Amino acid sequence: MSDELALMVVRTRDFDLGLSAAQVQEVIPLERWTGEAAFDLVQLIGATSDEGAVRILVVTRQGRSPLAALVSGAVTLRYVQREQLLSLPAALAAHVGWFSHVVVTDGQPPLLVLDAERLTA
Amino acid sequence: MTLSIVPAKLHDVWFVVRASAVQEILGELRWVPIVGAPPEMPGVIAWRGRAVAVLDLGPLSGSAAMTSGESRRRTVIVNIADATLALPVEGVREVQEVPDDAVRPAHLTRLRHSTMEVHLDGVPMPLIDLEDLLRVLAPPTAA
Numbered sequence: 007m008s009d010e011l012a013l014m015v016v017r018t019r020d021f022d023l024g025l026s027a028a029q030v031q032e033v034i035p036l037e038r039w040t041g042e043a044a045f046d047l048v049q050l051i052g053a054t055s056d057e058g059a060v061r062i063l064v065v066t067r068q069g070r071s072p073l074a075a076l077v078s079g080a081v082t083l084r085y086v087q088r089e090q091l092l093s094l095p096a097a098l099a100a101h102v103g104w105f106s107h108v109v110v111t112d113g114q115p116p117l118l119v120l121d122a123e124r125l126t127a
Numbered sequence: 031m032t033l034s035i036v037p038a039k040l041h042d043v044w045f046v047v048r049a050s051a052v053q054e055i056l057g058e059l060r061w062v063p064i065v066g067a068p069p070e071m072p073g074v075i076a077w078r079g080r081a082v083a084v085l086d087l088g089p090l091s092g093s094a095a096m097t098s099g100e101s102r103r104r105t106v107i108v109n110i111a112d113a114t115l116a117l118p119v120e121g122v123r124e125v126q127e128v129p130d131d132a133v134r135p136a137h138l139t140r141l142r143h144s145t146m147e148v149h150l151d152g153v154p155m156p157l158i159d160l161e162d163l164l165r166v167l168a169p170p171t172a173a
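Line order of the protein sequences matches chains A and B.
The numbering used here puts the first sequence at residues 7 to 127.
The numbering used here puts the second sequence at residues 31 to 173.
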């Protein structure tokens with residue numbers, strides 16, 4: 007297993023939001039999106055979007071149809087050492103089940119990692 | 031018999047926790063807010079290579095909750111029922127041994143999740159029942 011995990015990272019106003027890049031099938035500019043209505047990913051989790059280009063992330067999930075997640079602002083690919091991924095404590099997971107891990111790096115916004123399997127839209 | 035306690039201060043109010051629950055007392059730590067988390071447990075800190083839930087006693091004592099970017103001078107790390115929590119506070123005193131008769135039902139203090147109070151140097155301080163608090167904030171989920 008690689009020591010690194012590739013994350014597709016969306017910048018929000020207060021933190022970065024990461025999804026396993028392996029589960030992001032496509033990143034499509036909104037104007038080229040012809041699929042079903044997408045849900046606003048950042049709004050769904052209660053955060054505030056960054057300003058910028060609007061895109062659709064097509065996110066795959068096991069045994070279910072892909073999700074179309076609308077995001078705005080910078081979308082970047084970031085590699086994170088697996089040892090940097092800190093599991094969300096069980097006490098908090100009951101309240102914010104869609105996050106699986108957090109990455110805390112000096113000088114950078116916190117990175118909250120979403121578990122796409124737990125996303126329901 | 032005596033009870034070992036650690037007094038801590040928040041918003042000029044002293045309270046105590048059982049010393050047996052205390053793992054470490056640290057200085058001011060940066061914490062990471064988690065969107066969607068309850069105000070009593072607003073985020074996490076990184077401690078010994080893992081993420082530990084922050085327990086803010088402010089909302090439980092009727093005072094203001096910590097806001098994003100705010101921090102406190104001391105952080106008390108406690109372990110309760112296999113869960114580790116970080117309590118940001120404004121001050122901590124050394125471990126105190128108090129006789130059993132200094133621990134009484136809460137009469138002069140009022141704090142949620144505290145049914146007992148400890149009289150230390152003539153000052154009543156609520157003894158926080160961390161197990162009860164954790165049960166309410168993070169009830170065990172069905173497997």
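Worth flagging that the hints you see were computed from the coordinates, not collected in a lab.
Only a predicted model underlies this, so the values are computations on that prediction, with no experimental measurement involved.
Where is the CB? At the ideal position from N, CA and C, for every residue including glycine.
One or more of the hints may lead you astray.
Non-contacting residues of chain A with respect to chain B, defined by C-beta distances greater than 12 Å in every case (computed) [stated by the list, open to error]:
1) E32
2) I34
3) T66
4) L94
5) G103
6) F105
Listed next, the stretches of chain A that the computed footprint assigns to chain B, with coverage defined by at least 3 CB atoms under 8 Å from CB atoms of chain B [stated by the list, open to error]:
7) 49-62
8) 70-76
FRET-style restraints, in silico, Cβ to Cβ [to be verified]:
9) A:V33 to B:P69: 26 to 36 Å
10) A:A43 to B:G92: 39 to 49 Å
11) A:A96 to B:L150: 32 to 42 Å
12) A:L83 to B:H137: 16 to 26 Å
13) A:A43 to B:D42: 51 to 61 Å
14) A:E89 to B:E124: 44 to 54 Å
15) A:T126 to B:P68: 48 to 58 Å
16) A:D9 to B:E124: 54 to 64 Å
17) B:T32 to A:T82: 50 to 60 Å
18) B:E124 to A:Q87: 53 to 63 Å
(message) Looking only at beta-carbon atoms, does the pair A43 of chain A, D42 of chain B fall within the given range of 51 to 61 Å?
(response) holds (52 Å)
(message) Using a Cβ cutoff of 8 Å, are there at least 3 residues of the stretch 49-62 of chain A near chain B, or does the coverage claim fail?
(response) This one holds; 3 residues, not fewer than the three required, reach chain B with a Cβ under 8 Å.
(request) Can you take a look at whether the stretch 70-76 of chain A is actually covered by chain B? Rule is 3+ residues, C-beta closer than 8 Å. (result) violated (count 0)
(request) Grab the minimum beta-carbon distance between E32 of chain A and chain B and tell me whether it stays above 12 Å. (result) holds (26 Å)
(request) Given the hint of 53 to 63 Å, check if E124 of chain B and Q87 of chain A actually sit that far apart at their C-beta atoms. (result) This hint is violated: roughly 38 Å between Cβ atoms.
(request) Report holds if the minimum CB distance from L94 of chain A to chain B is greater than 12 Å, and violated otherwise. (result) violated (6 Å)
(request) Beyond 12 Å from every chain B Cβ: check whether that's true for F105 of chain A. (result) violated (7 Å)
(request) Take a quick look at G103 of chain A and tell me if its Cβ sits farther than 12 Å from every Cβ on chain B, holds or violated. (result) violated (9 Å)
(message) If I claimed the Cβ atoms of T32 of chain B and T82 of chain A lie 50 to 60 Å apart, would that claim hold in this structure?
(response) Distance hint for T32 of chain B, T82 of chain A holds at roughly 57 Å.
(message) Quick check for students: does the CB of I34 of chain A sit more than 12 Å from each CB in chain B?
(response) The assertion about I34 of chain A holds, with a minimum of 25 Å to chain B.
(request) Using the Cβ atoms, figure out if A43 of chain A sits within 39 to 49 Å of G92 of chain B. (result) holds (44 Å)
(message) Just want to verify: T66 of chain A was marked as not at the interface with chain B; is every Cβ pair farther apart than 12 Å?
(response) Correct as stated: the minimum Cβ-Cβ distance to chain B is 24 Å, above 12 Å.
Figure legend: structure checked against the earlier numbered hints; hints not met, in rising order: 4, 5, 6, 8, 12, 14, 15, 16, 18.
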